[in-house]
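Chemist: One line per chain: the protein sequences are B and F, in this order.
Reminder that position 338 of the first sequence reads as 338 in my numbering, one-by-one numbering, no gaps.
In my numbering, each number is its position in the second sequence, counted from 1, plus 568.
Do not take every clue at face value.
Here are some chain F residues the structure puts well away from chain B; computed CB gaps all over 10 Å [what the hints assert, rightly or not]:
id : residue
1  : E641
2  : S643
3  : T749
Covered stretches of chain B, as calculated for chain F (at least 3 residues, CB under 8 Å) [claimed, not checked]:
id : segment
4  : 67-77
5  : 97-106
Within a straight-line C-alpha distance of at most 25 Å, the following computed BS3-like cross-link-like pairs (lysine-lysine) qualify [to be verified]:
id : chain 1 : residue 1 : chain 2 : residue 2
6  : B       : K47       : B       : K61
7  : B       : K167      : B       : K248
8  : B       : K167      : F       : K615
9  : B       : K119      : B       : K248
10 : F       : K644      : F       : K611
11 : B       : K167      : F       : K655
12 : B       : K61       : F       : K611
13 : F       : K644      : F       : K760
14 : F       : K655      : F       : K760
15 : F       : K596      : F       : K615
16 : B       : K323      : B       : K411
17 : B       : K262      : B       : K425
18 : B       : K59       : F       : K763
19 : F       : K760      : F       : K670
20 : B       : K61       : F       : K655
21 : F       : K615      : F       : K644
22 : B       : K167      : F       : K763
23 : B       : K119      : F       : K611
24 : B       : K32       : B       : K47
25 : F       : K611      : F       : K655
26 : F       : K615      : F       : K760
Since the hints were derived computationally from the structure, they do not count as laboratory data.
Beta carbons: idealized from backbone N, C-alpha and C, even for Gly.
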Amino acid sequence: MQNNITTKQHFAFFIVIYLFFLSGCQSTPANKNAILLAQQGEFESAKQTIRADYSATGKSKLLHYLELGMLNHLQGNYQLSNQQLTQAQQIIEEQYTISVSESALALLSGPSFTTYAGKVYHRPLINFYKALNYNALANQPNADRQSFLDSALVEMRQLDTYLSGLKDTTGGYDDEEQPSGLDQLTEQIDNLTRPLFAPNDLLKDIEYKDDAFAHYVSGILFERSQELDSARIQYQRAIQAFENGFAKQYDINPTVISQIKKDLIRVMEMAGGYSNEVAQLKSELEIATSQTAQPILNILQDVGIGPQRKQFNLLLNVDEEAKALVMTPILWGTRREQQAQMRWFQMLYADTSIFDLIQNYATGDISDVVMGGLTKRIPLGPLWDDAVDIGLISALQYGSRISVTYLEPLKQEIERSEVWVGDQKVANLDKIYSVSLLTLQDALNNANSEIQIALAREIVKSLTAQKAISATGLDASFSGFAKLATSVVNAVTASADLRQWHSLPAQINYVQLPVSKGEHTITLKTYLASGIVLEQSETIQVVDDVTLWHTRTFLQETRIETPDSTFL
Amino acid sequence: MKCNKTLLKLTPLFVACTLAVSGCSSTKVQRVDANQEVALSDKWNAKDSQLVAEAMINDMLSFPWVNDHLQKEGSKPAIIIQSVRNKSHQHIAVDTFLNDLKRSILRSGQADFVANKDVRKEIRDERKDQELNSSLDSQNEMGQEYGADYALSGTINSFVDEQGGDRVTFYQVDLRLIDMTTNREVWNGQKKIQKLQERSRFGF
Numbered sequence: 001m002q003n004n005i006t007t008k009q010h011f012a013f014f015i016v017i018y019l020f021f022l023s024g025c026q027s028t029p030a031n032k033n034a035i036l037l038a039q040q041g042e043f044e045s046a047k048q049t050i051r052a053d054y055s056a057t058g059k060s061k062l063l064h065y066l067e068l069g070m071l072n073h074l075q076g077n078y079q080l081s082n083q084q085l086t087q088a089q090q091i092i093e094e095q096y097t098i099s100v101s102e103s104a105l106a107l108l109s110g111p112s113f114t115t116y117a118g119k120v121y122h123r124p125l126i127n128f129y130k131a132l133n134y135n136a137l138a139n140q141p142n143a144d145r146q147s148f149l150d151s152a153l154v155e156m157r158q159l160d161t162y163l164s165g166l167k168d169t170t171g172g173y174d175d176e177e178q179p180s181g182l183d184q185l186t187e188q189i190d191n192l193t194r195p196l197f198a199p200n201d202l203l204k205d206i207e208y209k210d211d212a213f214a215h216y217v218s219g220i221l222f223e224r225s226q227e228l229d230s231a232r233i234q235y236q237r238a239i240q241a242f243e244n245g246f247a248k249q250y251d252i253n254p255t256v257i258s259q260i261k262k263d264l265i266r267v268m269e270m271a272g273g274y275s276n277e278v279a280q281l282k283s284e285l286e287i288a289t290s291q292t293a294q295p296i297l298n299i300l301q302d303v304g305i306g307p308q309r310k311q312f313n314l315l316l317n318v319d320e321e322a323k324a325l326v327m328t329p330i331l332w333g334t335r336r337e338q339q340a341q342m343r344w345f346q347m348l349y350a351d352t353s354i355f356d357l358i359q360n361y362a363t364g365d366i367s368d369v370v371m372g373g374l375t376k377r378i379p380l381g382p383l384w385d386d387a388v389d390i391g392l393i394s395a396l397q398y399g400s401r402i403s404v405t406y407l408e409p410l411k412q413e414i415e416r417s418e419v420w421v422g423d424q425k426v427a428n429l430d431k432i433y434s435v436s437l438l439t440l441q442d443a444l445n446n447a448n449s450e451i452q453i454a455l456a457r458e459i460v461k462s463l464t465a466q467k468a469i470s471a472t473g474l475d476a477s478f479s480g481f482a483k484l485a486t487s488v489v490n491a492v493t494a495s496a497d498l499r500q501w502h503s504l505p506a507q508i509n510y511v512q513l514p515v516s517k518g519e520h521t522i523t524l525k526t527y528l529a530s531g532i533v534l535e536q537s538e539t540i541q542v543v544d545d546v547t548l549w550h551t552r553t554f555l556q557e558t559r560i561e562t563p564d565s566t567f568l
Numbered sequence: 569m570k571c572n573k574t575l576l577k578l579t580p581l582f583v584a585c586t587l588a589v590s591g592c593s594s595t596k597v598q599r600v601d602a603n604q605e606v607a608l609s610d611k612w613n614a615k616d617s618q619l620v621a622e623a624m625i626n627d628m629l630s631f632p633w634v635n636d637h638l639q640k641e642g643s644k645p646a647i648i649i650q651s652v653r654n655k656s657h658q659h660i661a662v663d664t665f666l667n668d669l670k671r672s673i674l675r676s677g678q679a680d681f682v683a684n685k686d687v688r689k690e691i692r693d694e695r696k697d698q699e700l701n702s703s704l705d706s707q708n709e710m711g712q713e714y715g716a717d718y719a720l721s722g723t724i725n726s727f728v729d730e731q732g733g734d735r736v737t738f739y740q741v742d743l744r745l746i747d748m749t750t751n752r753e754v755w756n757g758q759k760k761i762q763k764l765q766e767r768s769r770f771g772f
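Sequences are here, hints too, so could you generate the full structure?
Modeler: Written out as structure tokens, the structure reads:
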């Protein structure tokens with residue numbers, strides 16, 4: 001009798017623990033905390049946080065170097081920043097070869113047990129920040145200026161090689177949108193019905209295919225070094241990518257494209273031999289006369305902190321009547337987080353298409369159809385008997401946790417940014433790059449494969465545990481208890497890979513101003529949706545024909561005291 | 569279907585085997601000859617720098633300008649290195665390459681080198697210091713510097729072609745020697761290096 005009570009108590013305890021682990025744990029990642037510390041000017045604490053939580057040799061070594069590289073960049077330690085970003089480049093390059101042993105281990109543990117290889121859009125950003133560092137070094141007193149400027153261009157050439165490879169793989173933005181072959185009415189009907197029949201089709205055109213912003217920055221740096229052919233090519237590539245999809249995909253203001261076309265005209269006129277192309281561009285932009293040669297100041301403003309990837313859990317169990325696997329979201333966290341989790345689930349996974357509803361109707365009952373928006377069902381059909389034979393149905397008796405990534409809807413924190421000289425506003429800054437949208441679209445793009453891999457992993461884990469229980473003979477005596485225990489263990493190890501480069505800005509703003517050579521005091525005013533206005537001032541010496549001022553604006557009230565801008 | 573079941577049964581065994589094969593790794597360091605090439609990647613390395621410097625200087629000294637200068641001036645030509653710009657896609661330690669160039673020329677004994685602008689400035693500061701602090705008999709006079717007869721400059725360029733795991737990297741070093749009196753280009757040399765790097769998509 002006593003034994004029976006103890007067993008029941010243990011059983012109840014395990015159920016509580018299991019439910020806890022099913023919900024998963026949500027905490028702020030260390031590298032997010034680090035950039036929040038940096039936002040307050042506490043750079044040393046931020047770097048200590050990174051060193052403590054991300055080893056230079058562990059599975060997340062890439063984050064160690066990426067985060068330290070960015071923190072040192074913000075702190076003005078440009079040489080050190082470049083050493084760390086170079087290490088990061090090398091780690092990414094090494095990850096080209098996929099480790100079979102590590103992949104196998106991930107199959108029994110989770111994706112966070114693999115070496116973090118970064119995202120496809122990280123490489124251009126590493127080159128970008130390294131180039132900014134080299135240019136800042138070139139402007140330091142007694143520096144070997146030419147050598148550092150050459151090094152900045154080396155980064156741009158590496159970037160070009162990388163983007164060429166990326167375009168070979170993805171197709172880039174080279175082609176204009178091809179007509180579908182349908183007549184106009186049919187195409188309109190097709191557009192209206194497409195979301196109903198194939199929700200996944202909505203996820204098309206969100207792949208990172210090329211980087212128009214990176215091409216543009218390359219163009220600016222090549223023009224600065226009077227490498228006019230390289231500058232022209234990069235401006236042309238930037239225009240092509242922006243016009244053929246990049247601007248639409250990342251919500252970039254079209255004024256940026258007009259600006260690049262003006263830059264292209266200037267470079268072509270300087271190089272000579274492009275009179276037809278220049279005339280065509282001028283006619284397009286309605287420019288009557290040649291621009292007078294005047295020094296230009298390019299302002300790049302990194303704003304805010306990129307969005308955080310979060311974990312969203314689903315319970316995987318079996319509906320024996322419908323002979324189907326059923327995934328149900330486990331909503332957890334704040335009200336806003338729970339709403340975001342449900343919307344993410346309904347947007348990407350839930351049985352909301354007509355096909356899914358018919359399938360549910362055919363295999364289940366009316367309630368399954370009604371529940372469509374709250375569950376995802378995978379009918380096994382003729383595979384059901386095999387699933388029973390291999391022990392899958394038994395293994396999932398107490399369910400299993402599947403974890404995937406989600407992002408909360410992006411908040412529009414910035415209303416506008418302005419450039420002021422003295423008491424006069426001279427221009428607005430426009431968004432030219434959105435790390436927020438890159439992060440979101442990457443998560444959306446990987447959502448299907450992520451859940452498929454997570455589903456396969458949890459099934460393999462459950463089956464392996466089931467075999468182990470059978471082998472030890474526990475199956476006969478403590479069947480339910482043992483299965484629940486293994487479900488708890490599986491729930492503990494099931495986690496989505498939430499690793500990300502957290503110190504990146506949410507977006508980058510840009511404007512180009514004609515200036516005279518000499519000293520200028522520029523003020524950036526950033527108007528937040530909350531009504532707060534952030535002001536940053538910098539005295540800039542314009543000595544060259546092309547100058548670049550780069551700064552970071554954290555969305556907080558207090559002025560940042562530490563160096564936060566890179567005057568190029 | 570039976571095949572699927574067998575596959576599922578074998579999965580844990582497969583995982584265990586791969587983990588066993590992956591084994592443990594450790595760090596090992598050994599001394600190697602500085603002249604021995606250790607190519608871990610297709611990047612520009614010390615051996616490239618050494619080979620290019622030797623080949624280009626051999627070529628430079630085989631041109632008629634050396635003998636012409638000797639006959640005309642009766643002394644070895646003095647060369648100054650102006651700049652070698654890195655226009656490649658790799659960060660190349662240009663100073664190391666320049667030092668390899670200087671060593672090759674000095675070893676040949678057919679030409680002298682004049683210190684560059686920064687070094688000259690340091691030496692002049694040192695001579696000024698000598699004027700104040702050194703004994704008269706050990707002081708070096710100002711205005712006795714040896715002027716360069718020829719200026720050496722050039723560029724390092726590269727192209728990369730990449731497909732999947734294969735990458736061909738092509739480096740081209742162009743150097744030219746200018747007569748500082750007449751601005752005549754007395755020598756123009758070129759050396760090309762091509763490297764192929766093959767990477768496997770999968771490994772243990």
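Chemist: If a hint holds in the structure, say so; if it doesn't, say that too.
Modeler: Results of checking the hints against the structure:
no. : hint               : result
1   : E641               : 32 Å, holds
2   : S643               : 32 Å, holds
3   : T749               : 26 Å, holds
4   : 67-77              : violated (count 0)
5   : 97-106             : holds (count 8)
6   : B:K47 with B:K61   : 14 Å, holds
7   : B:K167 with B:K248 : 18 Å, holds
8   : B:K167 with F:K615 : 33 Å, violated
9   : B:K119 with B:K248 : 21 Å, holds
10  : F:K644 with F:K611 : 36 Å, violated
11  : B:K167 with F:K655 : 23 Å, holds
12  : B:K61 with F:K611  : 23 Å, holds
13  : F:K644 with F:K760 : 29 Å, violated
14  : F:K655 with F:K760 : 14 Å, holds
15  : F:K596 with F:K615 : 22 Å, holds
16  : B:K323 with B:K411 : 42 Å, violated
17  : B:K262 with B:K425 : 22 Å, holds
18  : B:K59 with F:K763  : 31 Å, violated
19  : F:K760 with F:K670 : 20 Å, holds
20  : B:K61 with F:K655  : 31 Å, violated
21  : F:K615 with F:K644 : 29 Å, violated
22  : B:K167 with F:K763 : 23 Å, holds
23  : B:K119 with F:K611 : 24 Å, holds
24  : B:K32 with B:K47   : 12 Å, holds
25  : F:K611 with F:K655 : 14 Å, holds
26  : F:K615 with F:K760 : 14 Å, holds
Comparing the model with each earlier hint shows violations of hints 4, 8, 10, 13, 16, 18, 20 and 21; every other hint is respected.
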